[in-house]
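**Student:** Sequence:
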Amino acid sequence: MISALLCLAARRNIKSSPKILSSSSGILLPRKLPVPLSTFTFKFYTCDESKSQEGKGSVRSSSQVPQHGPFNPKSFVLNLIESVKKGKLPIEEITGLANKVIAEGQINEYKNAPSTVQTVTFAGLGPMLGIPLLTLLTGHAYYCCVFAHLAYGACILSFQGGCNWMEAITKKDISYEKLCWCVGPPIIGWTSLILPLPLGMFLTSLGFTLSVIHDVLLTQYPPWMKALRVIFTGGTLLSFLLMLLFSIIL
Numbered sequence: 001m002i003s004a005l006l007c008l009a010a011r012r013n014i015k016s017s018p019k020i021l022s023s024s025s026g027i028l029l030p031r032k033l034p035v036p037l038s039t040f041t042f043k044f045y046t047c048d049e050s051k052s053q054e055g056k057g058s059v060r061s062s063s064q065v066p067q068h069g070p071f072n073p074k075s076f077v078l079n080l081i082e083s084v085k086k087g088k089l090p091i092e093e094i095t096g097l098a099n100k101v102i103a104e105g106q107i108n109e110y111k112n113a114p115s116t117v118q119t120v121t122f123a124g125l126g127p128m129l130g131i132p133l134l135t136l137l138t139g140h141a142y143y144c145c146v147f148a149h150l151a152y153g154a155c156i157l158s159f160q161g162g163c164n165w166m167e168a169i170t171k172k173d174i175s176y177e178k179l180c181w182c183v184g185p186p187i188i189g190w191t192s193l194i195l196p197l198p199l200g201m202f203l204t205s206l207g208f209t210l211s212v213i214h215d216v217l218l219t220q221y222p223p224w225m226k227a228l229r230v231i232f233t234g235g236t237l238l239s240f241l242l243m244l245l246f247s248i249i250l
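In case it helps, the working numbering puts the sequence shown at residues 1 to 250.
Quick caveat, the hints were computed from the structure, so don't treat them as lab data. Hints may be right or wrong, so weigh each one.
Straight-line Cα separation of at most 30 Å, DSSO-like style, residue types lysine-lysine; simulated pairs [as the list claims (entries may be wrong)]:
#1 88 x 74
#2 85 x 74
#3 100 x 86
#4 100 x 111
#5 171 x 100
#6 74 x 86
#7 178 x 74
Could you put together the complete structure from these sequences and hints?
**Tutor:** In structure tokens:
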């Protein structure tokens with residue numbers, strides 16, 4: 001009898017209270033907000049309730065957060081081979097992978113990088129874009145300029161392999177696949193230097209493409225680092241395309 005009365009009283013209190021609203025996200029908010037939602041401060045608790053993150057503003061919906069399944073390089077390569085066997089170009093697969101890299105890279109996150117890192121990264125694009133510009137201004141693609149551009153790209157590619165190595169040695173178990181991503185870029189860069197220039201430029205561009213796919217989709221780098229990697233790789237691929245065109249036309 002007493003428990004029934006308590007339940008009845010609790011129901012009446014809930015109906016009469018204007019401050020109960022349960023959402024699917026588990027956050028309790030008042031039914032009628034006296035002030036805009038953006039002025040509230042929300043506190044999000046992780047599994048460890050001693051750690052929390054505070055932020056002002058509305059709650060970010062799940063549709064605004066990029067959600068992608070884990071990238072499997074082996075499955076992707078097998079899908080490419082199957083598409084080629086069927087006699088069709090794997091445009092869908094390549095476009096989907098490019099969109100996934102751009103979405104996961106979150107280019108706007110570069111603003112959260114330390115100012116020194118931003119300065120060095122964008123300064124590194126100077127030779128990449130400066131040599132094609134110099135070639136265009138002189139009106140002739142000198143061999144020394146084309147080779148210097150290729151050699152600079154090979155050096156940067158080797159540096160990215162070193163970054164992967166440093167990220168790999170922090171883990172307890174290092175797989176052979178992970179080691180291949182570490183030593184692969186330097187080998188690609190070195191091989192491009194002993195090939196004819198057009199083939200070397202193509203191979204280096206391929207190395208940069210594979211490297212950014214790995215760094216964005218298969219590592220735990222901070223979001224700002226992934227964003228800088230996408231920006232730098234985009235500028236690098238553009239510079240190699242321009243250099244190849246200038247070497248053919250000029």
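**Student:** The structure should be examined with respect to each hint, and the outcome stated for every one.
**Tutor:** Status of each hint after checking the structure:
no. : hint      : in the structure
1   : 88 x 74   : 20 Å, holds
2   : 85 x 74   : 17 Å, holds
3   : 100 x 86  : 24 Å, holds
4   : 100 x 111 : 20 Å, holds
5   : 171 x 100 : 26 Å, holds
6   : 74 x 86   : 19 Å, holds
7   : 178 x 74  : 13 Å, holds
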